[in-house]
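One-letter residues, chain by chain:
4 protein chains.
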Amino acid sequence: MVRAGIVGFRGYSGAELVRLLERHPSVEPVLLEHRQDSEDRPQPIQSKQHLRVQCTPEAVKSEQLAVVFLATPAAVSMELAPAMLQAGAKVVDLSGAFRLPDAASYSRWYKEDHTAPELLAEAVYGLPEFCRERIPGARLISNPGCYPTAANLALQPLLASGVIDRTAGIVCDAKSGVSGAGRKPNLKTSFCEVTENLTAYSVLDHRHVPEILMVSGLEEGELSFTAQLLPIDRGILETIYFRSRNLSSAAALLEIYSRQYRKEPFVRLYAPGAFPDIRSVAHTNFCDIGVKFDPATGRAVVVTAIDNLVKGAAGQAIQNMNLMLGIGETEGLL
Amino acid sequence: MVRAGIVGFRGYSGAELVRLLERHPSVEPVLLEHRQDSEDRPQPIQSKQHLRVQCTPEAVKSEQLAVVFLATPAAVSMELAPAMLQAGAKVVDLSGAFRLPDAASYSRWYKEDHTAPELLAEAVYGLPEFCRERIPGARLISNPGCYPTAANLALQPLLASGVIDRTAGIVCDAKSGVSGAGRKPNLKTSFCEVTENLTAYSVLDHRHVPEILMVSGLEEGELSFTAQLLPIDRGILETIYFRSRNLSSAAALLEIYSRQYRKEPFVRLYAPGAFPDIRSVAHTNFCDIGVKFDPATGRAVVVTAIDNLVKGAAGQAIQNMNLMLGIGETEGLL
Amino acid sequence: MVRAGIVGFRGYSGAELVRLLERHPSVEPVLLEHRQDSEDRPQPIQSKQHLRVQCTPEAVKSEQLAVVFLATPAAVSMELAPAMLQAGAKVVDLSGAFRLPDAASYSRWYKEDHTAPELLAEAVYGLPEFCRERIPGARLISNPGCYPTAANLALQPLLASGVIDRTAGIVCDAKSGVSGAGRKPNLKTSFCEVTENLTAYSVLDHRHVPEILMVSGLEEGELSFTAQLLPIDRGILETIYFRSRNLSSAAALLEIYSRQYRKEPFVRLYAPGAFPDIRSVAHTNFCDIGVKFDPATGRAVVVTAIDNLVKGAAGQAIQNMNLMLGIGETEGLL
Amino acid sequence: MVRAGIVGFRGYSGAELVRLLERHPSVEPVLLEHRQDSEDRPQPIQSKQHLRVQCTPEAVKSEQLAVVFLATPAAVSMELAPAMLQAGAKVVDLSGAFRLPDAASYSRWYKEDHTAPELLAEAVYGLPEFCRERIPGARLISNPGCYPTAANLALQPLLASGVIDRTAGIVCDAKSGVSGAGRKPNLKTSFCEVTENLTAYSVLDHRHVPEILMVSGLEEGELSFTAQLLPIDRGILETIYFRSRNLSSAAALLEIYSRQYRKEPFVRLYAPGAFPDIRSVAHTNFCDIGVKFDPATGRAVVVTAIDNLVKGAAGQAIQNMNLMLGIGETEGLL
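Chains as they are written, first to last, in numbering that gives the first Met the number 0: chain A, 0 to 333; chain B, 0 to 333; chain C, 0 to 333; chain D, 0 to 333.
By construction, these hints were calculated from the structure, which means they are not laboratory data.
A few of these clues could be false.
Which copy is meant is left open, because identical chains are indistinguishable; a pair holds if it fits in one copy or across any two.
Calculated lysine to aspartate or glutamate pairs in the EDC-like style (CA-CA distance at most 20 Å, straight line) [said to hold, decoys possible]:
1) K183 / E32
2) K47 / E328
3) K262 / E328
4) K47 / E263
5) K110 / D293
6) K110 / E62
7) K183 / E263
8) K183 / E219
9) K183 / E38
10) K47 / E219
11) K89 / E62
12) K47 / E21
13) K262 / E218
14) K60 / E32
15) K183 / E328
16) K110 / E78
In this text the structure is predicted, and so the values were computed from the model without any measurement.
Start from the sequences, fold in the hints, and give me the full structure.
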């Protein structure tokens, strides 16, 4: 039985980590108190009590934590990651702190200085479908952003196979549930501001864009990305548009995905003309992909869906932990 | 005081017509019973009682209806429009029956034969911002679809000014509240199927596409349009992506709209970087437009919002009626 | 044209006041900046601009404000009300500051000291259906709480007529939309905490209880009141249960209400067995009432609905202003 | 490995049964096609395929189904239960068909004749917390209604201990998510009718009332029960009000529950003043209970929450199956 610490366990991603690890056959969660910035929910008297300790290097050692999950804002992750690694734990960071290749990129997109740049070279970007071989040896995994996870799983096979006409540009219109914004109270995520509404934000300049460019090799000018806040709790749907000159049919498009993902446990495909919706993937670690292609005009649409708290955060973090620790990749996730 | 008949007053667009006409200073609504396919809501004992009569040519005459609104499915509109015109009323049809220029187009997109093709040439497409001069003399107004209203108001000035690179294609990613699908019970619009969900539908082949092509002059291959069903009651947000080679700034983009719409009572613009959301327009007849442009790469995004039941249906229908009957265009709508 | 100042115009009640006053034929709203604790929403360039001035006694005079609405927390209302009155304006306070008869009651229920107790005797409780005659002469109106408005309109006629068996007690199970909690960000009103949820709060000790006791004359032990937070923006539904030994039928119950409210413009009744829901009253100043009675066992249920932001706040405040200033009671409200 | 047939697997309770049984270590689900009245959802190509066969007595035998779940309307259950039993399967019926003790009660509350009255005497009401000993020997389990499950778990210990003043009556104000109404499209459960709304229905005459009376021993006149439709997918919250003359404190109230439920795996209690909400129990088989008591006046409130599709339907049905087949009671449910 491996012990895994969770910092930020009151937040939405952290709470999802706890829930998932409770069902994991090989891992036991330990709650690490850092700064309590969020309230506990009311608990039944008999509810399962996990071990709670202060998040210190000493606790990592005394509790023999093999891995620590940082479900914290980037600034906190940059502060805690070095200390946790030093104390001997592996680290899976769910923030954006270690996703970009260098401190300059981080500063541009996150509008703040990077305070642990010495770890950037070591951090492994944890998108298992494309970086699986680098994960087992890693000490520090940077868990991908929710939007880039869905976008890269949709785009990467198509870009590799050369069917996208990059000169026409790619559009990724992304919609997310509110839990992606975290649990900290904020006017923009207050119920009355979100219900019966849809709001576009970070139009063309979302901080997840560089992750998509980094994995896909696209230039910034080739991708138009806009995020929108849905009046739902969890889930992401991305509608991706591109043009192709050398694709014969939707079946050929699907075939590219089938070849790429036939052994992947967490990517599922739909027959041409059928599309996943957010309910298809809610509370699962799946990324679902559906396609449409019009051979007469070359227009293509790919719809991809994930649960932002699972494949977009806690689930993928556990997938990475499993790979890192040599546990079966799907354990605790099916 | 002009009398206006409403067929389909129990539906969402019809009920909105009644609500709006109750506040209209120059028009009195008369409810026309056709086939009752929907239940009345519970009513307070003292609620305002409008005149209700059977929808017959005789009633049009005896009740001296100057205009009849058809808030009915296309098949019913094709049946009723000739009879209502014959009986001497002007007609504003809210369905798709008379929007396309010929019966062949109708058959292709609506998957059924047109049963009143003799009226297609006469019908005037009622998008006042671009067809205002033809409306006063019309007998039959075809009220635009909700999606095309928002899309055409966003695209038309830009296409006319030549700033869009049409070779790269235009993407219109549209999201709508559920009331756009009508009040008839249907699994796809049941609460439990829609809440906490987002569903893409009619990907690349929505029946509103030909209306956008017709008004904008775009070729089918130049436009990629996808609709998505939002878990909200009312409202549409469309995120429109294109590329430009000859635009200098977002301000220049906004200037095109300002010139076009400076006298329009129902189109509102936002400063660059600010965007309307659905709440901006809910329960109003406004179409709101916000823009973003990246001069370095030529990527542009336009976000446009309307209330699908008002500017996308009942409100625009009243705007058309006002113009048709020589009433002030904004009466009952501000 | 009367000028009315609004403090707290960015909050939900304050914004509703502005919206309603924009349509009021005799009143012009003036926005009074106090401490800006909330963000403005994005605005179209052409949006209607109301006069905005700092909320000072001088502004009351220079802008000739006949009345000032305080859509502010109780602590702010206690601070501002004396100053605004001093400067010559009448005041309609939407907070709980002046609703209870004495400072001791205030301290018990609001858990803070009253800082303007000298105004408590003068303040008139503004429930027009039961206090209409005192309102015209008042300088300071205390606008009723949302829950007590619905509860008192339902209970008062029945208690006066003696049909309720008070020894068995009365239950008022109240449910409210989230806007009742104000616009200030708070974990309890964050989208992800509220959606797909229902939460009971202030069970038996809600601070609105003493207002119900005060108007109805009930003892605390005779009323069990619980509030619940609904995943909706606006609206209140209260389900009220009591027992009767001397009521013959639901019709007799309805008759009591009919007699009481036959001249009231904002109370509507339903035939026995029909009930209002929240949609019946959303965006209106109506209080709707439906009844059920089982003569065999004496069990009675009354369901009452209001929009918490209109009859429960801004609408009733305007109704009070109309009465106070000698304007027609329903002006701007129908 | 036991095989369990599911009729009505496309409905909400049926689909939940399939989901839960997929995780059950000792049971394999078999989908029984009856009359397909609902659409399948879009499925990924690789999704898990369960065996699907026509629902016939022959299939029960050939597929060796130990148990058949009827997640069907009462009329269908009355038709299928005799045939399934005859074919040798045990039956767990999720409808109201076999819950009431005799055909006359059924006719009164369900407004239709009972077509399989010969099974009423044999059917065992499957509320394990109070009928556990009768379940193992049963052939036919009648799975309790969702509202009565929550109400009876809250009321039964208190009535048995004599702390409720029955002369004052008990109020149970119940609120349910929409999935409780089934998947068949219906105006009342259409998205636009439910969102931003709350509707009271079956006031004092809900068909679940006789189940509460049957288990609790209350007279009809002692209980006032009203149901309300919440704008959420799943979950029930019931707020129960009563008066007590012989209760000393909330702690004493809680102690009654603690004694009753200390060995129950699916009933959880909250410290006095803390209450469960719907999120506390969503997607679980728990029934959570919180209490408040005012010793000065004798007023008591109990709040109880379940997931209507789990403890209120599919989860409890599996709990019953486990007991019936001698499997551990909590298998597949924690």
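Hint-by-hint comparison with the structure:
For the identical chains of this complex, K183 and E32 are intra-copy neighbours only, at 16 Å inside a copy versus 27 Å across copies, given an alpha-carbon limit of 20 Å. Taking the closest pair of Cα atoms, K47 and E328 come within 20 Å of each other only across two copies (19 Å); inside a single copy the shortest separation is 26 Å, beyond that limit. When the C-alpha separation of K262 and E328 is checked against a cutoff of 20 Å, the pair qualifies only within one copy, where the shortest distance is 12 Å, while the shortest distance between copies is 36 Å. When the C-alpha separation of K47 and E263 is checked against a cutoff of 20 Å, the pair qualifies only between copies, where the shortest distance is 15 Å, while the shortest distance within a copy is 33 Å.
Taking the shortest alpha-carbon separations for K110 and D293, only the inter-copy value of 19 Å comes in at or below 20 Å, while the best intra-copy value is 41 Å. Neither within a single protomer nor between protomers do K110 and E62 lie at most 20 Å apart by alpha-carbon distance, with minima of 36 Å and 44 Å respectively. For the identical chains of this complex, K183 and E263 are neighbours neither inside a copy (35 Å) nor across copies (36 Å), given an alpha-carbon limit of 20 Å. In this assembly of identical chains, K183 and E219 lie within 20 Å of each other by CA distance neither inside one copy nor across copies; the values are 31 Å within and 37 Å between.
In the homo-oligomer, the alpha carbons of K183 and E38 lie at most 20 Å apart both inside one protomer (10 Å) and across protomers (17 Å), since each shortest distance falls under that limit. Proximity of K47 to E219 under the C-alpha cut-off of 20 Å is found in neither arrangement, the shortest distances being 47 Å within a copy and 39 Å between copies. For the identical chains of this complex, K89 and E62 are intra-copy neighbours only, at 14 Å inside a copy versus 49 Å across copies, given an alpha-carbon limit of 20 Å. Taking the closest pair of Cα atoms, K47 and E21 come within 20 Å of each other only inside a single copy of the chain (9 Å); across copies the shortest separation is 24 Å, beyond that limit.
Proximity of K262 to E218 under the C-alpha cut-off of 20 Å is found in neither arrangement, the shortest distances being 29 Å within a copy and 41 Å between copies. For a Cα distance limit of 20 Å, the shortest separation of K60 from E32 inside one copy, 15 Å, qualifies, whereas the shortest one across copies, 55 Å, does not. In this assembly of identical chains, the alpha carbons of K183 and E328 never lie at most 20 Å apart, being 31 Å within a copy and 39 Å across copies at closest. For the homomeric pair K110 and E78, the shortest alpha-carbon distance inside one copy (17 Å) is at most 20 Å, but the shortest distance between copies (40 Å) is not.
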